Amino acid sequence: MKAAVIVFPGSNCDRDCKTALERAAGAEVEMVWHGESFLPSGLDLIVLPGGFAYGDYLRCGAMAALSPVMAEVRAAADRGVAVLGICNGFQVLCEARMLPGALLRNAGLKYVCTPVALEVVNAQTRFTAGFRGKREVTLTVGNGEGNYFADEPTLDRLEGEGQVVFRYKHNPNGSARDIAGIVNAAGNVLGMMPHPDRAFEAELGSADGALLFQSVLASA
Amino acid sequence: METPFHLAATAEEFGLKPEEYHLIVQRLNREPNHLELGIFSVMWSEHCSYKSSRVHLGKFPTTGERVIQGPGENAGVVDIGDGQAAIFKMESHNHPSFIEPYQGAATGVGGIMRDVFTMGARPIALLNALRFGDPSHPKTRRLLSGVVAGIGGYGNCVGVPTVAGETNFHRGYDGNILVNAMCVGLADTDKIFYSAAPGVGLPVVYFGSKTGRDGIHGATMASAEFGEDSDEKRPTVQVGDPFAEKLLIEATLELMATGAVAAIQDMGAAGLTSSSVEMAGKGGVGVELDLDLVPQREEGMSAYEMMLSESQERMLAIVKEGREDDARFVFAKWGLDAAVIGRTTDTGRLVLLHGGDVVCDIPLAPLTEDAPLYHRPWVEPHVEPHIDPAHIPAPADWDAAVLTLVAAPDVASKRWIWEQYDRHVMADTLEDSATGADAGIVRVHGTKKALAVTSDCTPRYVAANPFEGGKQAVAEAWRNLTAVGADPIAITDNLNFGNPERPEIMGQIARAIDGMAEACRLLDFPVVSGNVSLYNETGGVAIPPTPTVGAVGLIPDYARRADYASLRPGDVLLVVGTSHGELGSSLYLRELFGREEGAPPPVDLEFERRNGDFVRELIREGRLSAVHDLSDGGLVVGAAEMAMASNVGIELTPTSLKHAHAFLFGEDQGRYLIATADPDPIVAEALAAGLNIALAGQAGGHDFACHDLFRISLERLRAANEGWLPEYVGAG
Amino acid sequence: MKATVHVFLKPGVLDVQGKAVENALHGLGWPGVANVRVGRVLEFDLPPGSGEAEVTAMCERLLANTVIESYRVEVA
Amino acid sequence: MKATVHVFLKPGVLDVQGKAVENALHGLGWPGVANVRVGRVLEFDLPPGSGEAEVTAMCERLLANTVIESYRVEVA
Ligand SMILES: Nc1ncnc2c1ncn2[C@@H]1O[C@H](COP(=O)(O)OP(=O)(O)O)[C@@H](O)[C@H]1O
Ligand SMILES: [Mg+2]
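Protein chains in written order, with our numbering: chain A, 1 to 220; chain B, 1 to 732; chain C, 1 to 76; chain D, 1 to 76.
Hints were generated in silico from the structure; no laboratory data involved. Treat each hint with caution, since some may be false.
[Claimed, not checked] Here are the simulated DSS-like pairs of lysine-lysine, each with C-alpha atoms no more than 27 Å apart in a straight line:
1) C:Lys10 / A:Lys110
2) A:Lys134 / D:Lys2
3) C:Lys10 / D:Lys2
4) C:Lys19 / A:Lys110
5) B:Lys210 / A:Lys110
6) C:Lys19 / B:Lys139
7) A:Lys110 / B:Lys333
8) C:Lys2 / D:Lys10
9) B:Lys210 / B:Lys333
10) C:Lys2 / B:Lys210
Small disclaimer: the values here were computed from a predicted structure and weren't measured.
All chains, please: the whole structure from these sequences, using the hints.
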């Protein structure tokens, strides 16, 4: 099981993702600097971590989406490699047009750090298969721009095609149709605002995030 | 000889007294030029020189078997075993936050983090101690929102969890809010970096953000009383760039790992001046800088502006001979500006070149070790007389009284504040503001160890009796660490007071420090770092004396710790410690009767320690389901918080109903509310150990109640406690 | 040459900031204010010879996210 | 009547966004771009009869943080 965590200037959950992958899924993890123009070979998973790439200046994820390494990430995704964008990573995936829609300022106009109960809407994805019967999981969010937006037709399509993977039980940020995480049509690129990388051991308040890392690596 | 005073007027503007100007002329044997005068004024400012407080700070115990570095460096360093060290400090950004709350608070957080990673530590936890004016004051709402947004905006972006803090409101802070930020970092004991320049001829490397005209005279500003003209005195506000800080942390730690760093120091207050002077001064060498080489953000900056700029996110390092390239490589990777701007010399002087000319050439000693030191006159501060509980009425309406207290601004839930702080980044947070524990707890990454952190001060006690209040601040911090099962290690402090030139204020400072020092001694709780903020007054009215204490403790095995959110139905509640029903300067008296008077509850340090050691042992043995120290609002507030956090009802059963209100609302010190399924052996052991322990109640049901005095559903209790702040800020 | 770029959320994308400002203004005693929209404005110098086309390209590449934002370019 | 308010950081106050955008544009192949400044723009409708004076008052009260920001008002 081999995973890469992309490190943008301003990423701040890169180490957390590495720890989670190692402890929860026994993965071998390589950290890849945003300036690299090639990725390690034999990757089963690429993680775009949370944080404030480029300080979130201009727009969250906008500058990171233009990093040299993103061309490689896109190419890997096209080859079917699993890509997971968490929080700022989700924002980067949207800015890179690897996922539809965008993440707007929270409806409350404030950064919100809180535990969230999530409905696992689609447990058939390679990221969620490990949840099995578990239809509700608990993770935490921590963001100022987690308010998912897409136009109505896109939202209908996402729901119709089972691309909505996680839904908030109690919407913390005004996200359209309570969406917390979506997957691309091919099913190998997942973007989510909640942090599985902060919920991989019971003493952190929840170990539900571990299941996600385990299932995506098992799927490889 | 008569000294000419043609610059004396300028000196006055810089906050230097005429006699201080006179002293400069004597030390130099000549008139200083404008730049040199500016340098003296910041180095001799209260903020950098501690000229009023130093003689008193000397009373603090600063050593102990775990202390690796006490006061004198950028932060204090303590040994936490296994070759690891905790590095921490607290610092104020009071004046800047009052002028521009968002940027003032944000740059405060940035500054204290730099003090910590400058020493080789990766920051792992942030705390903040905030004091605002009366909620009804027109400025309070805006200041609160701005400060909280600024702290979150900076800390969240850098990616260090903000796990604990405190927030008070009192009209005494209407014109001078307090923003004290604390940072705790983790390092290996063999990889700690210091600021003393280790030799001559070594390259001095500037790195980080470019220098602009930000906050010129911030240090002298921070040492001046607000007058009507403070708008004019206002320095150009410093703007923080947390993104640059994040890069700075990574680059600094990476540079240190290359082994190229000989000495390093952040540019804090008085920027390039204090950092270069302190490094050379501590190393007993001289330094020569060519200011033309300083990375500059603006055109045509003068030497004066560069030396006094307080642009943020800048560092100064002295690298080993021939290792400049390691530095260049790291800075290039992280996209940081950097330049070799000078060398250390053997002259013991500060020499500055600009445009090819020598624009400053002064000895370092007068700037550092022989800067002025004042034994300011002081008088015994007023102390409030003891009040007999019998002379304080019981509440007319008990339900209303309890609800009023849990909704009082100082007690009400601060959720609206801490939900704006990232408490989970770094994935090692075990307890934070949200979880119902007396201290924040973060794991020491990859070990079974954890650090407990807290920040405490009860200004109304210090105001009523500076000595007892000083003791209490230290004791409460010790108690909070103990209540989660930690071994208290050491403290940092932030002494916030008014104008030290007034003997009654100086008396508060002296006595508060005496009290703190006594508590530190008897609790083996040394002071390893801190900060002093004076002149917190407006129009001659000083803030309540506020010596904030930040403390760090070690939990050897985090599986054995306690919180107050795990109360179980059927548990028996006990109070460890003695309850006389002290209501002097209590929250009860203030919130229900508008009376701010009476002696604060005294702290018996011997019992403080014995009660705490007893409770800590029970926690380690896994015999308690919940623990909460008793402080503001006494048993009622402590038990209410435990019930709400655990979502389990509590029926209180005071032993005596004579003066029940004193027993229930009294703020006697050194007490813990503990919950257990098996009380008898614990009671027996406590009595055998000569400690007081009393039955306090029973857990169960869904009400918070006491006999026929009051009965309130948890829902109502929570609505009152959670409701106040959102409603106040209009987010309700 | 100077370029000015205005970026606003597209109609149909709820401008929460605009709403908040509007409510605040009403509360401060300006009940008549309506349709508040908050956007971003960028000003910068262009090398001589470059013009609107370049700036438009910059918007498409970076300065605006056309999924949610529309932009207006002025070069003078 | 329509009001437009531009809010920029005062000269001399560090514009972190402008700095970041400028670097990004250089990286994307527009090395000539200089002095990027990022500000806020607000557009809203005014009740008839009200004019520049009101909008200036709104800026002082709410729309701009005059400690670090300067603003420009247009009413048309
Ligand atoms: N109240 C205090 N108690 C103990 N040490 C203090 C106190 N105030 C300042 N110090 C120490 O004096 C030194 C200088 O303080 P300060 O100027 O705040 O540090 P810095 O320049 O790194 O911000 C530091 O080592 C600090 O720990
Ligand atoms: Mg320092």
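Against the structure, the hints come out as follows:
With a C-alpha separation of about 22 Å, the suggested pair Lys10 (chain C) and Lys110 (chain A) falls inside the 27 Å cut-off, and the hint holds. Between Lys134 (chain A) and Lys2 (chain D) the CA atoms are separated by roughly 54 Å; this puts the pair beyond 27 Å, and the hint is violated. Taking the CA atoms of Lys10 (chain C) and Lys2 (chain D), the gap is near 18 Å; set against the 27 Å cutoff, the hint holds. Of the supplied pair hints, the one linking Lys19 (chain C) and Lys110 (chain A) holds, its CA atoms being roughly 14 Å apart against a limit of 27 Å.
Proximity of Lys210 (chain B) to Lys110 (chain A) is assessed by CA-CA distance (about 30 Å); at most 27 Å being required, the pair is judged violated. Between Lys19 (chain C) and Lys139 (chain B) the CA atoms are separated by roughly 24 Å; this keeps the pair inside 27 Å, and the hint holds. Between the alpha carbons of Lys110 (chain A) and Lys333 (chain B) the distance comes to roughly 33 Å, so the proposed pair goes past 27 Å and is violated. Among the hinted pairs, Lys2 (chain C) with Lys10 (chain D) is consistent with the structure: their alpha-carbon atoms are about 18 Å apart, no more than 27 Å.
Straight-line distance between C-alpha atoms of Lys210 (chain B) and Lys333 (chain B) comes to about 17 Å, which keeps the hinted pair within the 27 Å bound. The suggested pairing of Lys2 (chain C) with Lys210 (chain B) holds, with an alpha-carbon distance near 25 Å, which does not exceed 27 Å.
Of the numbered hints listed earlier, those contradicted by the structure are 2, 5, 7.
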